[in-house]
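Novice: If you read the sequences in order, they're chains U and V.
For the record, in the first sequence the residue sitting at position 8 is 8 according to our numbering, with numbers rising by one throughout.
For the record, in the second sequence the residue sitting at position 130 is 216 according to our numbering, with numbers rising by one throughout.
Just the calculated beta-carbon pair ranges, DEER-fashion:
#, chain 1, residue 1, chain 2, residue 2, range
1, U, Ala14, V, Phe224, 40 to 46 Å
2, U, Leu65, V, Asp91, 42 to 48 Å
3, V, Thr90, U, Ile71, 43 to 49 Å
4, U, Ser51, V, Asp91, 31 to 37 Å
5, U, Arg55, V, Thr180, 50 to 56 Å
6, U, Glu80, V, Phe164, 44 to 50 Å
7, V, Asp91, U, Met68, 42 to 48 Å
8, V, Leu223, U, Val31, 24 to 30 Å
9, U, Ser51, V, Ala228, 14 to 20 Å
10, V, Ile176, U, Ala73, 38 to 44 Å
I should point out that these hints are in silico values taken from the structure, not numbers from a laboratory.
Even glycine gets a Cβ: it sits at the ideal position worked out from N, Cα and C.
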Amino acid sequence: MIGWLPAATVIAWAPFVNPLKLPPGTRLWLVLPLLLCVAVVYRVTRAQSASGLIRPTLTTFMNILIGMVLIAAGAYAAHELVLRLA
Amino acid sequence: MSRTDPTIEVTRIGLLAWLLPGAGHYALGQRGLAKILFVAISVPFVFGALVGGVKESINPRANGWLFVAECGVGSYTFAGWMLASRLPTIAPPTPSPYSSYYPESDVAQIYLATAGMLNLLAILDAMARASGGGQALFAREAARKRAAAEARAAAAPAASGSPSPPNAGGTA
Numbered sequence: 001m002i003g004w005l006p007a008a009t010v011i012a013w014a015p016f017v018n019p020l021k022l023p024p025g026t027r028l029w030l031v032l033p034l035l036l037c038v039a040v041v042y043r044v045t046r047a048q049s050a051s052g053l054i055r056p057t058l059t060t061f062m063n064i065l066i067g068m069v070l071i072a073a074g075a076y077a078a079h080e081l082v083l084r085l086a
Numbered sequence: 087m088s089r090t091d092p093t094i095e096v097t098r099i100g101l102l103a104w105l106l107p108g109a110g111h112y113a114l115g116q117r118g119l120a121k122i123l124f125v126a127i128s129v130p131f132v133f134g135a136l137v138g139g140v141k142e143s144i145n146p147r148a149n150g151w152l153f154v155a156e157c158g159v160g161s162y163t164f165a166g167w168m169l170a171s172r173l174p175t176i177a178p179p180t181p182s183p184y185s186s187y188y189p190e191s192d193v194a195q196i197y198l199a200t201a202g203m204l205n206l207l208a209i210l211d212a213m214a215r216a217s218g219g220g221q222a223l224f225a226r227e228a229a230r231k232r233a234a235a236e237a238r239a240a241a242a243p244a245a246s247g248s249p250s251p252p253n254a255g256g257t258a
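Hey, can you work out the whole structure from these sequences and the hints?
Specialist: Structural data, given as structure tokens:
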């Protein structure tokens, strides 16, 4: 084993040809780098120069993250409510 | 038609931005923003292609709508599609070494589609900057609103600057 991958898989693996196996439990956390990329691109479209982008980008990142967490919590609550009423 | 025709220039910038993330901004001289865009769009696309594999993830026959979203990043999608078309198709009952399955396929689709859509945003921004002398669209709109507000503010004293009505309750 190499990490979570069998050694034979690593040897035979060709990037972009053979899909990469993700470590278990990482799926949810992968939202964070994607949100960061979204925040960066959004902020770049509103910037006149690259300087001073860090703070507004982090603010946008946190806004999106908190919004998505609230939506997820609301959906979970609605799901639980429907299960109890059914 | 001259080389500096604005329509041609905007189209050229749009094409550059479509071919390579950040290339439109780079051609406009905004190199810092271009480098940031290149990284912020290339990383999710490359990661999605690594996790999903090109055979199923960048293939209009496997997932047409995903392919449409990926086409926001022209050169990457074309290269991935070329590679995908060279890989053999393996019958469904056999687990294919070229196919990704849950949860990797989900992650790959989300990353690839998001990268394509983000580059669409970057293309539109580059074209708007090309048509506006390098200024972001929001900056021009903000300047227009500021000018309108200043014009209103300048007009208001002029209107109220007319002789004030005589004081009705005043004593002579």
